[in-house]
Amino acid sequence: DTGVSQDPRHKITKRGQNVTFRCDPISEHNRLYWYRQTLGQGPEFLTYFQNEAQLEKSRLLSDRFSAERPKGSFSTLEIQRTEQGDSAMYLCASSLAQAGANYGYTFGSGTRLTVV
Amino acid sequence: DAKTTQPTSMDCAEGRAANLPCNHSTISGNEYVYWYRQIHSQGPQYIIHGLKNNETNEMASLIITEDRKSSTLILPHATLRDTAVYYCIVRGNFNKFYFGSGTKLNVKP
Chain W
162 DTGVSQDPRH KITKRGQNVT FRCDPISEHN RLYWYRQTLG QGPEFLTYFQ
212 NEAQLEKSRL LSDRFSAERP KGSFSTLEIQ RTEQGDSAMY LCASSLAQAG
262 ANYGYTFGSG TRLTVV
Chain V
2 DAKTTQPTSM DCAEGRAANL PCNHSTISGN EYVYWYRQIH SQGPQYIIHG
52 LKNNETNEMA SLIITEDRKS STLILPHATL RDTAVYYCIV RGNFNKFYFG
102 SGTKLNVKP
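Respectively, the protein sequence lines represent chains W and V. For what it's worth, the working numbering labels the leading residue of the first sequence as 162, then goes sequentially. For what it's worth, the working numbering labels the leading residue of the second sequence as 2, then goes sequentially.
Hints listed in this document are in silico derivations from the structure and should not be mistaken for laboratory results.
Below, computed lysine to any residue pairings styled on SDA-like, alpha-carbon distance capped at 20 Å:
#, chain 1, residue 1, chain 2, residue 2
1, W, Lys-175, W, Ala-249
2, V, Lys-70, V, Ile-49
3, V, Lys-109, V, Ala-14
4, V, Lys-105, W, Gln-198
5, W, Lys-172, W, Leu-200
6, V, Lys-4, V, Asn-96
7, W, Lys-218, W, Gly-203
8, W, Lys-218, V, Gly-101
9, W, Lys-172, W, Arg-242
10, V, Lys-4, W, Gln-202
11, V, Lys-97, W, Arg-220
12, V, Lys-105, V, Ala-14
13, V, Lys-97, W, Gln-202
14, V, Lys-97, W, Ile-187
15, W, Lys-172, V, Ser-42
16, V, Lys-97, W, Thr-199
17, V, Lys-97, W, Leu-257
18, V, Lys-4, W, Glu-205
19, V, Lys-105, W, Thr-199
20, V, Lys-105, W, Glu-205
21, W, Lys-172, W, Thr-237
22, V, Lys-97, W, Glu-217
23, V, Lys-105, W, Leu-200
24, W, Lys-218, W, Glu-205
25, V, Lys-97, W, Leu-222
26, W, Lys-172, W, Val-276
27, V, Lys-4, V, Lys-70
28, V, Lys-97, W, Phe-206
29, V, Lys-105, V, Met-11
30, W, Lys-218, V, Lys-97
31, V, Lys-4, W, Gly-203
32, V, Lys-97, V, His-50
33, V, Lys-105, W, Gly-201
34, V, Lys-53, W, Tyr-264
Use the sequences and the hints to build the structure in full.
Right under this line is the structure:
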């Protein structure tokens, strides 16, 4: 399978616990994005990486959230001290950014987080 | 990036063409129109994109008006599996995708 992989698919955690999600992008893609989606809404941008550099973070990404892409390949998204409002689907996408080209994103299936 | 306006929901009979409209009146010359869809509990799936010419692929056709202020996604023979939320997005090169609430397409037998 050469698509975008996310792990785990589902995560249930107690309020106050830390959680970490992993995303494996398409191997030749240099850009990786994290989005969050709550019920009935479209995905909302959180952050993105070009190779290993985190180039932009949304205001939605509070201090409790941190994302890394240490070797420019897979990425992790960690949420510390989870709150019930963090319950959502967390989506990862990757793309190839090249000058003069316009490529779309390929999304993973997402990680559904439930904070109880 | 320009904003888009889509109807909240639409119905379509199975086997008929589904025509999903999108308004993007503030689109600029270098911005592309993208369509994605999201089936329940899955990640968004790319359908098609275009700049100014009409486009067709194995999934759908994209019709962009001459002034580029609106577009229509056409699913020529809708099936029950096409029931999903369809997102119309306008995006410039290297910019992020901003999703609105999309159109919920209900394909009915």
